[in-house]
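*Asks:* Residue numbers (our numbering), protein chains in the order written: chain C, 7 to 72; chain D, 26 to 559.
Careful: at least some of the hints might be erroneous.
What the hints assert, rightly or not - Computed beta-carbon distance windows for the label pairs:
(1) C:Phe13 <-> D:Leu119: 14 to 20 Å
(2) C:Phe13 <-> D:Arg28: 40 to 46 Å
(3) D:Arg388 <-> C:Leu70: 18 to 24 Å
(4) D:Asp241 <-> C:Glu39: 44 to 50 Å
(5) D:Thr405 <-> C:Ala21: 17 to 23 Å
(6) D:Asp241 <-> C:Glu36: 22 to 28 Å
(7) D:Gly87 <-> C:Phe13: 48 to 54 Å
If you are wondering where the hints come from, they were derived from the structure by calculation, not from laboratory data. Where a beta carbon is used, it is the ideal one built from N, C-alpha and C, also for glycine.
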Amino acid sequence: MALNTEFNLGTESDALFNELLQAHEGLSREQSEQLNAGLILILMNHIGEAGTIREAVVCARAALDA
Amino acid sequence: MARYQFEPFDYVTPPELSGAGSASAPIIIVGAGPIGLAAAIDLATHGVASIVVDDNNVVSVGSRAICWAKRSLEIFDRLGVGERMLEKGVTWKLGRVYRGDREVYNFDLLPEDGHKFPAFINLQQYYVEQFLVERCADFPDLIDLRFRNRVLSVGQDETGVAAEIETPDGAYMLRGEYLLACDGANSRIRRQFGLDFEGRHFEERFLIADVEMDADFPSERWFWFTPTFHPGQSALLHKQPDNIYRIDLQLGPDADPEEEKKPENVIPRIEKIVGGRPFKLDWVSVYSFNCRRIDRFVHERVIFVGDSAHVVSPFGARGGNGGMHDVDNLCWKLARIVTGSAAPDLLESYNHERVHGADENIRNSSWTSRFMSPEPGIETAFRNAALSLAVDTPFARRVVNAGRLSVPCQLTDSPLNGRDDDVFDVPQKVGMVALDAPLSDRDDNATWLMSQLGGRFVCLVTGEAKAPAELPDGVELVRIGRGGFGDAEGRVQERYGDAVYLIRPDQHVAARWVAPGAADIRAALTRCAATITA
Ligand SMILES: Cc1cc2nc3c(=O)[nH]c(=O)nc-3n(C[C@H](O)[C@H](O)[C@H](O)COP(=O)(O)OP(=O)(O)OC[C@H]3O[C@@H](n4cnc5c(N)ncnc54)[C@H](O)[C@@H]3O)c2cc1C
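Full structure from sequences and hints, please.
*Replies:* This is how it looks when you write it as structure tokens:
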């Protein structure tokens, strides 16, 4: 399955983005990083397609700020 | 281009103080901002009289609300000023979002044709108020507009309301059946009633400036995250009529408003944006904002409408537009109550529907605020990730939040909604504002569906659907196709299918059927005007 980069978050995308930030409220930087890492592992497992995940890693890396 | 000329309105000694007797009207409206004025006109279209008092005698100083959304324009059109606003305003629908100096993406707010009004126009609040004041003059027997009349206090009992009013000639009392508190964000009536204004204050300060210049910038909304002309902050540029441009600059939480407002600080900032074009400063203000509302908008006979009831950050243009939805929702209900054709607890549906609308506006504008001024650390990391992904990854463009501009909320859970035979593959649903469409009348003249709706209950029959054999009193039939209006471009078919709709006086769909009988229509109508409980 090719990586889907079209919008796929439905009508709740702003709410979800906000909830993601809320999940980080009150955490130290290290804890926040751990939360993110945990989330990525969970979502990666959910996707379960090696090719898709590799593509996502490349895509995110390409978008890093200089 | 001549700048707007502020002409003060005349103060006239009220009859209560000049010895000419006392006036009476069922409704007292406190505040002649856009919301109070619109409410007076809406009530007048229902034949209901009001006295409007305002402590001031000029229209809004400063442009304030400039972005008027399609839905508000439809409401203004029902009130008789929509076309005038459209003609004077700057029509736009395209927004561009930049990061640094590079465009990340752009969006079209009204990608489909076949609507009388565009997605947005920009028009300074002072013009809107002036047009509304002039429209009030068309109802000399129904609207009594009193400038330099300040409300000091408000009281009520089971029989009515009373307001104590101060004028240059002294104080007097006004009595009525209901009072609309349209007295703005700092509502004195709200404070007198001791109502908590719950929500959040945002520390971030913004500079807002109107500049006059000859420039050929297109009619678009331009939003920058961290532009090189204003490092680390955000900026917004918007065109208004009369060659006036609105510029919003984020200043950060620590900016000193008095210092920032000084021309020697404002001018260099603007020079950087407009790239050396000559300009004149028209209006400057520094503000921070709140996202708050009161718990209930209806307090027995005192009803809060507009900014007195709810305030939002300006980045979704949801303040003035949200207040117009309040007016639209309230006035037909109030008119029915004071003329005895509905029970007073119909007001509870105003509370229910508009609290729902205000919450949606507050949510959206809070999310935008958080995206625009993220906390340092992880919030900023998420924000910047979305921005940099947006360049090449389509989904992230919709995650970037530079303002979610006002659209009408859906009253899906309204207690007034009747049945919805949702068997058609069409966008129209019960609880939504009716969608506009181009029509042709019997003489083949072009007109609009929206112009046939509003002000009273309408039974709209579309396509192959059959009209019910009879309709209850007070419901008017509007037929599209089959000998009625022509579906000029097939949009009615596309948006409504073949069905029978009951449309409220505020142009919202109350119920829909495939083939209703007269009893079905009557039941839905009763539900709309009937007793409901809080
Ligand atoms: C910088 C800025 C930009 C904005 N941009 C937008 C935008 O683009 N789009 C949008 O939709 N909204 C915008 N808004 C919000 C919009 O201006 C308000 O939502 C709108 O003015 C609310 O109208 P109102 O009639 O409820 O209150 P107001 O316009 O505040 O009117 C209240 C009236 O009540 C009068 N009054 C107050 N107290 C008393 C008293 N005791 N007795 C008698 N009269 C009294 C006042 O004099 C005033 O005339 C903006 C606001 C600001 C500040």
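*Asks:* Which of the stated hints cannot be reconciled with the structure, identified by number in ascending sequence?
*Replies:* Those not satisfied are hints 3, 6 and 7.
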